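*Asks:* Chains as they are written, first to last, in numbering that gives the first Met the number 0: chain B, 0 to 167; chain P, 0 to 142.
Keep in mind that the hints were calculated from the coordinates and are not lab data.
Bear in mind the structure is a predicted one, so any value in this text is a computation, not a measurement.
Just so you know, not all the hints are guaranteed correct.
[Said to hold, decoys possible] Per the computed footprint, the stretches of chain P lying under chain B, defined by three or more beta-carbons under 8 Å from a beta-carbon of chain B, are:
(1) 12–18
(2) 42–49
(3) 69–75
(4) 79–90
(5) 103–110
(6) 117–131
Beta carbons: idealized from backbone N, C-alpha and C, even for Gly.
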Amino acid sequence: MAERDSGAALLRLTFGTLHSAGLVTLLVLGIHLGGATGDLLAGVGTLPGIGVYAYLWVLTWWSAGRWLEAVDGSLIEASIPTDRAFVAGAQYGAATGGLFLAGVLVPVSAIAVTTTGLTVVLNLLVLAGLGLLAALLFGAAVGLVFTAVDLGVAALARRLVPGATDTP
Amino acid sequence: MVPGVPTHLLVRTVHVLAMAGLVGGAGLVWLLGRHEDGSTLAIARSYEWLFWGGLGVLIVTGVGNLGAFGRGLPGPATTWGTVLSVKLGLVLVLLLGSAIRTLAVARAQSVNSPAHHRLHWSYAATTAVLLVIVALAEVLAHG
Chain B
0 MAERDSGAAL
10 LRLTFGTLHS
20 AGLVTLLVLG
30 IHLGGATGDL
40 LAGVGTLPGI
50 GVYAYLWVLT
60 WWSAGRWLEA
70 VDGSLIEASI
80 PTDRAFVAGA
90 QYGAATGGLF
100 LAGVLVPVSA
110 IAVTTTGLTV
120 VLNLLVLAGL
130 GLLAALLFGA
140 AVGLVFTAVD
150 LGVAALARRL
160 VPGATDTP
Chain P
0 MVPGVPTHLL
10 VRTVHVLAMA
20 GLVGGAGLVW
30 LLGRHEDGST
40 LAIARSYEWL
50 FWGGLGVLIV
60 TGVGNLGAFG
70 RGLPGPATTW
80 GTVLSVKLGL
90 VLVLLLGSAI
100 RTLAVARAQS
110 VNSPAHHRLH
120 WSYAATTAVL
130 LVIVALAEVL
140 AHG
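Bound conformation, chain B alone (with noise of 0.2 Å):
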């Protein structure tokens, strides 16, 4: 029981580091190919960098261990139903993406409140309202292709260890 719970600790550590470091190297090539990684990095600050990737860590740790759960199978023991796994990495791709952005708001916000004031804030809120809809859209889209990306690692990885109750 506990050799279980430490190989789903385990599995639950690498696809969440592997979804968050996946997401933010793509990004970082991605933008540094279009040329504004320097304009874009300058205007963060190292501190609030740092929270706002070990954030997304934790959501995308957090993610990775309800969609093992959903999943209800040990993906490396053998394959498992692959539809009930693009819902639920939809699904909780979504609630990391909707998460993110909720987190991120309510620091700004609050900060806004202070040196601002109230009426720009409620202007936030409302881009916010739109934010979040699409946040939770691409979060949905991500899910999806790290469901993809994760049954394919598991599938390797059955192929690569042959065992007595192989099924690839």
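Given the coordinates of chain B, assemble chain P onto it according to the supplied hints.
*Replies:* Just chain P, lined up with the frame of chain B:
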């Protein structure tokens, strides 16, 4: 962040230390795995925890290192920018390959598989990729 220590220096130090841990750990597991001892699996599994924790630190400090350049960061069409593109692409390869490796290690313990030699070579490949990334980082840092 630390009194008297420039932030970019602290970020770069953490980045280098994290990389040292990942490279050294992968190399150690590879060397230990040459003896095909079942106890190597337990050591490999411990390394996988270190790897993913360290990788998260590497990513955030890596972005921090880029941020230290500010608007002076060379563009993608320059030699420096091309090396950075290659390095970031290799990081993505490392991420995917390492996820396969980690799940394979977890599976090897779960199904009590004798396929240790395949895992041994996966740590050799990990060590090699990490060393190439280190070499590219040296080029970026010193030209």
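*Asks:* If a hint holds in the structure, say so; if it doesn't, say that too.
*Replies:* Quick rundown of the hints versus the structure:
1. 12–18: violated (count 0)
2. 42–49: holds (count 3)
3. 69–75: holds (count 6)
4. 79–90: Holds: 6 residues of the stretch 79–90 of chain P have a Cβ under 8 Å from chain B.
5. 103–110: holds (count 7)
6. 117–131: It holds, with 3 qualifying residues against the three required.
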